[in-house]
Every structure is written in C-alpha cells, then in structure tokens.
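Work out the full structure, taking the sequences as your base and the hints as a guide.
Residue numbers (the numbering used here), protein chains in the order written: chain R, 1 to 227; chain X, 1 to 563; chain S, 1 to 130; chain E, 1 to 192.
Please note that a few of the clues may not be correct.
[What the hints assert, rightly or not] Covered by chain E, per the in silico footprint, the following chain S stretches (three or more residues, Cβ under 8 Å):
(1) 31-44
(2) 100-106
(3) 110-121
[Unchecked claim] Pulled from the structure, derived: some chain E residues nowhere near chain S, Cβ distances all over 10 Å:
(4) M43
(5) V78
(6) L79
(7) C105
(8) N120
(9) Y122
(10) K161
Since the hints were made in silico from the structure, they are not lab data.
Yeah, the Cβ is synthetic: ideal placement off N, Cα and C, and Gly gets one too.
Listed below, chain by chain, are the residues.
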Amino acid sequence: MIELLSSNGSSFAGDINNLILIITVLSGFWLLVAEAVLFWLIFKFRRVPGVRAQYITGERKEEMKWIHWPHNLILVCDVVIIVFAIRVWYHVKQDLPEAQSTIRVIGQQWAWRYVMPGADNILGTKDDIETVDELHVKVDTVYHFKLESVDVLHDFSVPQFRLKQDAIPGRIVTGWFKPTKTGTFDIQCAEMCGIGHGIMMSKLVVETAEEHDKWVASHTPAGVASN
Amino acid sequence: MATSHAEHHDHHEMSFWEKYIFPLDHKVIGMQYLFTGILMGVLGAYFSYVFRMQLAFPGTEVPLFGLVTSAQYNSLITNHGTIMIFWFAMPILVAAFGNYLIPLMIGADDMVFPRINRLSYQIFFISVLVLIASFLVHNGGFGGAWTAYPPLSAKAEYNLTPWGSILWLVAVVLEFVAFLLGGINFITTLMNSRARGMKMNDIPIVCWMIVLASILFMASAGPLIAGAAMLLFDQTIGTGFFDPARGGDPILWQHLFWFFGHPEVYVVFLPAMGIVAEVITTFSRKKLFAYKVVLFTTFATGILSFFVWAHHQFIAGIDPRLANIFTVTTLLISIPIAEMLFVYIATLYGGAIELTTAMLFALGFLATFLIGGVTGVFLGASGADIYFHDTYFVLAHFHYTFVPIAVIAVFAGLYYWFPKMFGRFMNETLGKIHFWGTMIGFNGIFMPLFFTGAAGDHRRIFDYSNFPELAVSSLQNLRTLATICVVITILFQFVFFWNFFYSMFKGKVCTEKNPWKANTLEWFAASPPPHGNFPVMPEVYRGPYEFSTPGRELDYWPQNEKA
Amino acid sequence: MAGHVDHHHGAEGHHDSGHGPSFYVKIYAILMVLFIISVLGPEFGHRTVTLITAFGIAIVKAYMVAVNFMHIRQEKKYIAYIMFAMLGAVFLFYIAVSTDVQMTTGANWENHAAKSIIEENKDFEKHLEH
Amino acid sequence: MGHSTPIATTRSVTGMPTGRLAVWWVIGSEIVIFGGLLMCYLMLRLKYPHWALNSSHTNTFAGGVNTFVLLSSSLSIVLAHHYAEKKEELKAVGFIWATIFGGLCFLVIKGIEWTTEIQNGYTITSSLFWSFYYTAAGLHALHVIAGMILMGWISIDVMQKKNMHRVELIGIYWHFVDIVWIFLFPLLYIAK
Ligand code: HEA
Ligand code: HEA
Ligand code: CUA
Ligand SMILES: [Cu+2]
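Listed below in structure tokens is the structure:
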C-alpha cells in the first residue's frame, strides 16, 4: 500500500506527488492550528460556577486582527497552491510534449480496446495492432493517446502513472504519458459506466525497447508485411 | 397592537386529520419533514451498510439483505447518495429546521403562506413515494450514480433500468419543486414578517443561513430543472439532447448538474453552520464573535459558490484552459469558509463552556468539518485532482463534510431544540454515549478511506478483487475496518432512537420556556409552542447573542426583554 | 382578518403607479410598432440587421414590459437587483459552458461527432434560398 | 379550510406586500429555469449554423400572431390591475377574462401550428432543433395554462370584491410569461 501512495510510473507522477505534498504541508498546518486552538479553548474555558464569560463583540480592531491575519495568510497559501497546481496541470494536460508514438484508446461497455502502431510507428496503417484489455508500451517513450468511447462515459485511469482522463462518446481527447518503469500496471475505468463498471479493468505492460519490438513483431496481423 | 392569537383558534377544534395529516401549522409541517427525513436517513444508512458489507466481504451473503449483484450495488450507492442529499440532508436541515425555527425565531405566528407550505410537503411526500417505487419496478432502481451522467442515464440499453431511471429522475424533479415552494416561503417570511424591532443584525444566524441556502438553491436549480426535462425526454421519447451522435452533448449535462451541484453542497452546509452558531453561543455564554463577519463570509461563500462548479469536471473532458480558472476560484472559496470557521472557534475564547450533548455535537461538527474542508483543497488544485478524481479520497472528503453537516450538526440541533419541540428533555447520559459512539465510529469509517483512496481505490466499484493492485490485503484490511465502523456507528444510533422516542413521551418534563437560558425568541414561546406560537407577539430590542453582558445580573438577555 | 393585522408595519397595499388606461394603451402601441419592426427585420435579408431587429428589439420590448406593465421601477430597488442577479447566473452559465459545448475543437480535444454533423450540412444555405 | 390568515402574512417589514414579494421570487426562480434552457439552445444553435434551415420551417406567421396575442393580453391584464385597484370589479373581471381569452387564442394557434408541423414530419425527435422547439415552447405553454387557471380562480374572488390585490400578482406573472415569449419568438422563429 505504501508503494501505491508514492508510486511514480510515469514522468509526471512525481510532479503530482510533490504537489500533493505541498498541499498537505500548507493546509495540514492550518488544520493542525485550527484543531489545536479549538481543543485548547474547549479545555481552557470550561464553565466554572461563579465565573462569568467575557463579553467580546469581535468587532473592535484589536479583535478583528485575529480574523484578518489568518485571512491574509491563507490567501498567501492559496496563491502558492494555485501556482503549483496550475503548473502541474499545464504540464500534464495542456501542453503536450512531442509524441514519439501515438495510440488509440477506446472505451466501451465494459472493456478497453487499444490500437497501437505496428513496426512503422504510424497509426492508421495496415500493420496496426489491435488488442483488448492489454496495452503494451515502450519505456521512456512519449506516448500520445487518443481517447474515445463508443457508448457511455468511461475514464482511462492508470493510478500508478497518476494518469486519468474521461472518455466521451463523440469526442476525441488527446493526452500523453511517458512510462519510466517497466512492469505491469492496472488500468481502471474510473467513471460509472453501468453494471460492468466494477470489472472494467485491463493491463498496461511497460517493456524495454527490445521486448517491445519482439511483442510488436509477434502481434502484427498475419499477412501484413512490415515495412 | 400585538393581539392574542390563541383565543382566535379556540373555537375551532381541529381534527387529528387536519392537525397532523394536512396541517397548516409550520411546526407540524416541520415535524413531517423531520420524521420523513429521519426515515429516509435510516434507509440511506441501511443501503450504506449493505454495500459496505459487500466491499468488506465481497460475494458473501449480507445479513438482512442477501447477495449483492453488481447491478444492485450500483443502484444501492446511487440511491444512497441521492437519498442522503435530497431526502435526508435537505429535508432536515433546510425544510424541517427552516419550517420549525424561522417563524418562531423571528417572532411570527406562522409562515406567510401556510397552504403553499403544506403543498410543499405534499409534493415532497409524493417524491418519496416515486423514489421508493423506482426500487421496485422491473429491473430495479437506477444505478448510474447520483450525478446521472448521460448517455448512461439517458438510454435504457446502456443502464438496463428502463423504469428505474425515469422514476428516479421524476422523483428528483418533484423534490426540487417542493423545495422551490418551501424556499419562497422561507425567504418571504424572513424578509417580511419579522417581529417589530428586529433589524437585519438582530436576525439569528440560523435563520439567515437557511434563507440564504434557499436563495442559493433557487438560483442554481433552474438550469438543472430544465436539464432534467431534457433528460426525461431523452429517456422517454428518444430525443437527443445529450446524444453526441445527434448533435447533443453529454458534457452539457455535467455543467447543468454541477452548476447546481456545487451550490447545493453549501445549501446544506449553511444551515448546519447556523445550527452550530446557536448552540455554541448558548453553551459558552458568549456573544458570537463578529456577527457581521459571519454574514459577510456567508454572502461571499454564496456568491463564490457559483463560480467553482467545474472543479468536478477537471478531467471530465472540459477544455483544460477552463480548468485553470476554476482552480483559482475553488481555492479562493477556502478563504470565506476558513474565516467563518475561525470566527466560530474564536467565539469560544473567554467563554463558560458547558459540554452538554448538543454542545458536544456542535464542537464535534467544527472539529470534523475542518478535515472535510481542508481535503477539498487537495481536490480543488487541478494538478492533484488528476490523481484524486473519482477515488475514495474524494469520497472521504465529502463524507467528512456531509456527515458533520447532515448527521452531527443535525444531532446538535435536535438535542438543543428537543425541549422546545416536545416539552421534555432527552437523557444526557445516553446522549453522551451516543455522541462518543457516533464520533469514534464515523471517524473510523472515513479516515481509512482517505488512505485507500490515496492508494488508488476508485469509487463505485463493487468488488476490488478484480484489480490486482487493489486486491492486496493491506487495503482490504482498511476497507474491512471501515465496514466494521459502519456497523458500530449504526448500532450507536439505536441509543439515539431509544433516547429520542422514549424522551418524547416519557422524558423529564421541561416546565420552563427557556431551559438553556438562551436569547432568541423561540425560547419565549411555551414548550411545545401552541398553534399561533406566542401568547403575545414579541417585540425585539437587541441582537440574538447578548450573553454575559457586563453590568447585568443575568448572563443572558432575551431579545424581547425590554431594557 | 382585519383585527389581527399588526398595523405598525403599515403594509402599503398597492403601488400608486399613477398611470391610467391611456398610458397603457400608448405603451401597447409602441410595443406593437416594435413588434412589427422585428417581424420585418429579416425581409432586409441582412444578417446583422435581422439580429439587431430580432434580439435588440426583444430586449427593448422586455424592458418596456418590465418597467411599464410590471412596474419594476416602483418596486424596491433590490427587486431589480435580484432579477439581474438571476440573469447574471444564467449568463455566467453561458459564458463558461459555451467554451466547450459550443466549440468543436479546443485544447487537446475535438468533438468529431459535432464536426461531422456540421460537415454533412455544410451546404444548407443552398436549401435556404428557395 | 376554516383557517384565518396568519399575522405573519399581513406583516410587511420590507414595505412590500407579502404576495408581491413572493411573486418576484417566483419569477426569479423561473428566470433561471427558462434561462438555463435557452442558454443550452443558444449554445447549440450557434454551434450548428444549419439549424437555420430547421428554423426556416417554423411558422413565423403563427409565431407572430401569437406574439401579438400575448402582447395584447399583457395590456388587458394590466388594465384589469388598474381597475382592480380602482375597485371597479366588473371591469377588472372583464379584462381578466379577456386575458384568459388571449391565453386561449394563444394555445389554439399553438395547437394548430404544432399539428401542421407534426403533419409535415417535424416532431420532437426529428432533430435537436425540433426537440428544443417543442420543449421550450411546451414549457412556456404550460406556464400559459397555469396562468389561465389561476386567473379564472382569481376572477371568482374579484367578482365578490375579495383579494383584489391578487390581480396585480397574476399580472406580474403573466407579463413575465409574455417576456419569455418575447425572447422565444426571435430565438425559434426569426433568427434564420
Ligand atoms: C457539503 C458538502 C461539501 C462541502 C462543504 C465541500 C467543500 C469543498 N469541496 Fe467538495 N465535494 C462534495 C461535497 C462538499 N464539498 C461532494 C458531495 C463531492 C463529490 C461529488 C461526486 O462526485 O459525487 C465533492 C467533490 C469535490 C471536488 C471534485 C473532486 C473530484 O471529483 O475530482 C472538489 C474539487 O475541487 C471539491 C472541492 C471542495 C472545496 C475546495 C471545498 C471548500 O468549500 C472547502 C473550504 C474549507 C476549508 C478549506 C477548510 C477551512 C480552511 C482552513 C482550515 C484554512 C486552511 C486552508 C488552506 C491553506 C487553503 N469537492
Ligand atoms: C448527506 C450525505 C451522505 C451521508 C450522511 C452519507 C453517509 C454514509 N455514506 Fe455515503 N454517499 C453520499 C452521501 C452521503 N453518505 C453520496 C452523495 C455518495 C455518492 C454516490 C454516488 O457515487 O453516486 C455516497 C457514496 C458512498 C460510498 C461509495 C460507494 C461507492 O462509490 O462504491 C460509500 C462507501 O463506503 C458510502 C458510505 C457511507 C456511510 C458508511 C455512511 C453513514 O452510514 C455514516 C454514518 C452515519 C449514520 C449511520 C447516521 C445516518 C442517519 C440516521 C440513522 C438517521 C438519524 C437521524 C438523524 C440524524 C436525525 N457512501
Ligand atoms: Cu467504464 Cu466505468
Ligand atoms: Cu464542488
């Protein structure tokens, strides 16, 4: 479980983990302060017979500063979080690096279909490889994926890559990832898509260049000369 | 001047039928909403028990239910979410407390439109029947999540619940209509029917909050009502509003839904904050710290809440540039809410805190809601939401907001106003047992789920053993822990129900009008208040939180007490 | 019941709009003229003219009805503000949502279903002629 | 029901009668309902220029006559309000029924219009434009019907000089229904 909390199977997973860490520190600090003050006040100001509560309107200047200072400091924290969040977002979702290979990912009730380029590394040619529920990619390669759906909403999610994107019927959404570790990872569907939503899982296999070439060769449709 | 209202009604003895089944009295209508809401809450809690058992012990027979199929699982969570929000949280927080408290606290004898009020409950009641019918029809209840995203929700060939999804949608629309009618009543009553002398700053916070919540609801629900009509036509007669092949757009529904959906979470949040304000001021004998700041932050929250909705859709395929704007607005909304919470905490400073059960629940609300609020910041940061979206982290976030709001704050309110409502006290010892059981149980349910979520558990999955990464025992142990805590929490609710119903009939009689020595006007009426509420219509001379005023012998100063 | 009114609040039962039937008829006449212009607008066959006569005049008409028939001016100021706030919510919705529902492509996405519908109908204007 | 009006209803802290205040809030909530629907329509209308072709099949004449009818009925209800304030109940009732008649004409014309459209093959499922056409106009027609029922009910009271202030309330509502049509007309009929 600990590995899952910090796993970084893709190039940007670490950025997302760091962002989460920053938010944890900044907002965790406030959470602790608020809880500590709350409990301290509860223990400190218990009712004692004969002792009256103080009369504080909270509208005088020196009282209001207890509101204004946290207000400004939280604003600062917010700005910091916004800046980091948008930087990560921009990097992951908005500004796609040049693709080294492009694949199609198609969601349907309740399976994932993948179309990968064959040896020519061009999508839409005869040697394309089509698989169901198993995606093979090469490590350290920038992939673009074209995400589609044929029926309802699905969501292409690779938790270990910190990658997630909805698939929408009628639309093609382009995203990217760059695997940094070899191995087998879960691909899940993260959008309610009917009674099979809970079984809509597939595998992502990240291979070294040689392994991947071998896999491509052995899966190229028969009768297609790879050129 | 203020006339006696009671005598007027004496010559008209009301039958049981008129008094309890078709009442016009705001208090009875409030009670109808309360008890219907509690019943629906029990149903929602039962659903959560069933599907949590399935998650902890997949594929085994769940006691009191049986085997859970994936279709049933989906329907259970969908209707759990829908019921808990629309038929439990809203009816109790907005309608029950709103109806019961607003006229009493502003010194009126009833709502301004009693008949519209009754109509509101009747429509609400029909919506309950329609919703329950939706579970019983052929192929079972709707299972497309409470967000009902099309195309799944729009076509029976996808969701496989031809009737369940239609009835579900009709029930939700009826519920909306009921709350629009109720809301108009709350708003006009507060605006127009306050007691003589009650200025804007003398209105108790809870009344402000419920009315502002009604306004938020009214301003945000419109597009979704239109959208619901569109979806209903998609389901029933085959239009293509949300069908991309025919030019429609599934994303449009998401916008319609969340444009409503986000303000909606503040629709339930604000009344809970209102209840807590009344309870903590009374039991710490303190003036509310900076009343005006509370109002300003509430207004700010209300306005900002219309600018953040797309944070639910960050990765749903909206344009990534749009997400940046919504990240900014979402994070900004943490400021007014933090300020509001800090003001409440500051109110305790220098107080004379008495830890009654109501006070414990109110403080428990503050302590736990903070966790829910702070985890919202993780989700509002678009970059982090890429990972967290639709995981149990989101789920734990919103249960850490909803349960404090709809369960804990509601308990605070019920323990606090019980003597007024029923003229008897609830048992404090049982109350404290209930408090600790609920708090420990609730934290035990959802604290582990933050971790399973952060480890990658996705929502709405009926059996994790299909996912190798998630089928590991360390995660399964946390899931089981959560489930055990659900059972514990639910068992402790029996303490509450015993206490509640026993005290209603046999509890210690509350002979005083004002047992907690509070200031607001409802404590000036008899317990329980008769039809017409007040023997003499009260006048107001000061704000609602004048506790421990220097130079007075008593440490409270009722709003209606002359000088 | 009359005896139960708290008189101290002094509800002013009606507004005194001070307008007589002839005033309303005059407004009605103006509305009619505007209406006729809006119907004639498309006859010029000019897109911008049509848009102005159609929607510009609709706004003027709505304004005239709100001010002269609904007496929104005689109402407390905040009534108008509330109505504008509601309209504001509607436009806010439009502004944000149009950025992806009204578009067919955007940053890293395209709505190919919508594109192909537009493509299929691209020569609709020919059918419009006759 | 044997219940008298609560004191609450007769109070007026804002200075506005409670009924009128409530009607404005009703209209506020209706603005967002119609507004939401029309904004959805607008987005897709601008997205698909070829909807101009569909809307060229709408019957501008029928829509125009209906605009005329509704504007006229707005005049009659504001006159009804005028006479109700003057406590001339007969004239007020007359104008209320003139308004109801206007609503009826509107619905009859709408019925004829829809029948011909459907006979020509343009049904609610024909295309998205027609779906919006029927949904928006249908929702509006429901409001017309509701207004007519309320007016009939109010006119009974007005005859007996009771609840005269309600004429103004239904008037405000009716004008709002009129305004919605003022926008529906160019959106569905004129813009081609
Ligand atoms: C009443 C319920 C409620 C409340 C009050 C909130 C409050 C907030 N919510 Fe939550 N939310 C939900 C109910 C609620 N939410 C629900 C039901 C869902 C899921 C729906 C679904 O998909 O089914 C959801 C989902 C959800 C998402 C989408 C997640 C996803 O699906 O990917 C996001 C994203 O931004 C979010 C953010 C926030 C934020 C920023 C707040 C803020 O209002 C919180 C503000 C409060 C604080 C921040 C705490 C106090 C502040 C401090 C102690 C100061 C320190 C703070 C900083 C340094 C910033 N929420
Ligand atoms: C107000 C809202 C609310 C409340 C109170 C709850 C309460 C609970 N929720 Fe709920 N939940 C939602 C709103 C709420 N939930 C929503 C919106 C969803 C999303 C649905 C979707 O995905 O579509 C969801 C989904 C959801 C899931 C996710 C399912 C999935 O994605 O697969 C889970 C899983 O554990 C869960 C668990 C629980 C549990 C254990 C409780 C409780 O049982 C916690 C303990 C509380 C109690 C036991 C008390 C209950 C109340 C009473 C008994 C009445 C008492 C009377 C008074 C208070 C007066 N909920
Ligand atoms: Cu596909 Cu969930
Ligand atoms: Cu939200």
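Provide an ascending list of the numbers of those earlier hints which the structure does not satisfy. 4, 5 and 6
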